[in-house]
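Colleague: With the hints as a guide, dock the two chains, each given alone in a separate frame, to form the complex.
Below are the chains, spelled out letter by letter.
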Amino acid sequence: AQKITQTQPGMFVQEKEAVTLDCTYDTSDPSYGLFWYKQPSSGEMIFLIYQGSYDQQNATEGRYSLNFQKARKSANLVISASQLGDSAMYFCAMREENTGGFKTIFGAGTRLFVKA
Amino acid sequence: GAGVSQSPRYKVAKRGQDVALRCDPISGHVSLFWYQQALGQGPEFLTYFQNEAQLDKSGLPSDRFFAERPEGSVSTLKIQRTQQEDSAVYLCASSSPTGTPRETQYFGPGTRLLVL
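Residue numbers (our numbering), protein chains in the order written: chain A, 42 to 157; chain B, 522 to 637.
Only chain B is shown next, with the shape it has when bound in the complex (with noise of 0.2 Å):
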């Protein structure tokens, strides 16, 4: 497609229930980020992979949180157990890497995740 794309859109869940977001990067883009935006934030880094190599983790705010990207093109984090804490905005971005700061990164329409 054009553009990264994520689905679903929107998402309710039960807490304790488990859930997961899928992402589909522009294609041909090898660097792909994971966000979460807490309501009247900007978005926090989660996670970052090149190819299907997971680099940097660092972000991930509890072991329930998991993302994997298994051929190098769509991603899915998983978020288990989910607690009230987790609702957020999930964005997705992809690039293509220049190993510069320059690095242009392309979001998605973010998955909107609600823990009732």
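One chain only, chain A, in its complex shape (with noise of 0.2 Å):
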């Protein structure tokens, strides 16, 4: 069964605007950490937020925002303001404690593209 799921293969998004990338995940383990990573082209993950699931409150860092909503089991990334830059490719990644934290389980991404 897939434990990450990102439905949206593509978004476009307009310069300036924000754009809210869908993440949904699977998992009995109570205790977890859900991530998201940018990979522009050249390949690199580059580690955006990250929400615990007991954080009481919603991550945020900088212009990135997680919208974690527990019992429906979603994370979805919020990029407000969008820029140039921000075209890439977006996983959504979870990280179980009872597997020893040490797999960390990526989603088939989301290829964000932002328009001038």
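You may find that some hints are simply not true.
Just the calculated beta-carbon pair ranges, DEER-fashion [to be verified]:
| hint | chain 1 | residue 1 | chain 2 | residue 2 | range |
| --- | --- | --- | --- | --- | --- |
| 1 | A | PHE88 | B | GLN562 | 15 to 21 Å |
| 2 | B | ALA574 | A | GLN55 | 45 to 51 Å |
| 3 | B | GLU592 | A | PRO50 | 38 to 44 Å |
Hint data in this document are derived by calculation from the structure and do not stem from the laboratory. The model shown is predicted, which means the values in this text are computed figures rather than measured ones. Where a beta carbon is used, it is the ideal one built from N, C-alpha and C, also for glycine.
Modeller: Here it is in structure tokens:
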């Protein structure tokens, strides 16, 4: 079964507008962490934001925020004030404590295109 | 160095050849991970080291894949008798373990392997 589902293969957004990238996950472990990474065409995975399963508040990092809805098992990434440099692949990922925290499971990704 | 480095960045191999991919983690990082990323997919976990100990190799797709980290720093992923389905980007990541899901992995630029 898919543990991380990203249903949007591609998304377009106008420069300076906000965009939401969807992510749903599946786990029975009460302790887990959710991550978003950006992968530009250069190939390197860049860490953006983290949300812990016990965190009471939604995570924010600059223009990135995570809309964490635990009951729905969703962890959508919101990028505000999109910039041309935001065009890239975005991956949602999860790490479960029961696995010893070793494995990070990634979704298939969403390609974001920012239009000028 | 400041970040995770990998070499070579690109590798073309003939089917049946052996290849060796190198990863230099961030200095002082105890944890090291290898991932395989097929075209258009998210990274998939291959193996994990804590110092020189390989604690999880459950993601290695076959016994043709072998990874080592003999001195707890540089790691090598070796693929014997390469097959066309081995063509992918191989990503290395390192982290300083916190013992919680919060641990952030820092990725290298990857090695793009093409098997002809």
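Colleague: State for each hint whether it applies.
Modeller: Evaluation of the provided hints:
1. A:PHE88 with B:GLN562: 15 to 21 Å: The hint (15 to 21 Å, Cβ to Cβ) holds, given that PHE88 of chain A and GLN562 of chain B are roughly 19 Å apart.
2. B:ALA574 with A:GLN55: 45 to 51 Å: holds (50 Å)
3. B:GLU592 with A:PRO50: 38 to 44 Å: Cβ of GLU592 of chain B to Cβ of PRO50 of chain A: about 42 Å, so the range 38 to 44 Å holds.
In summary, this structure violates none of the numbered hints.
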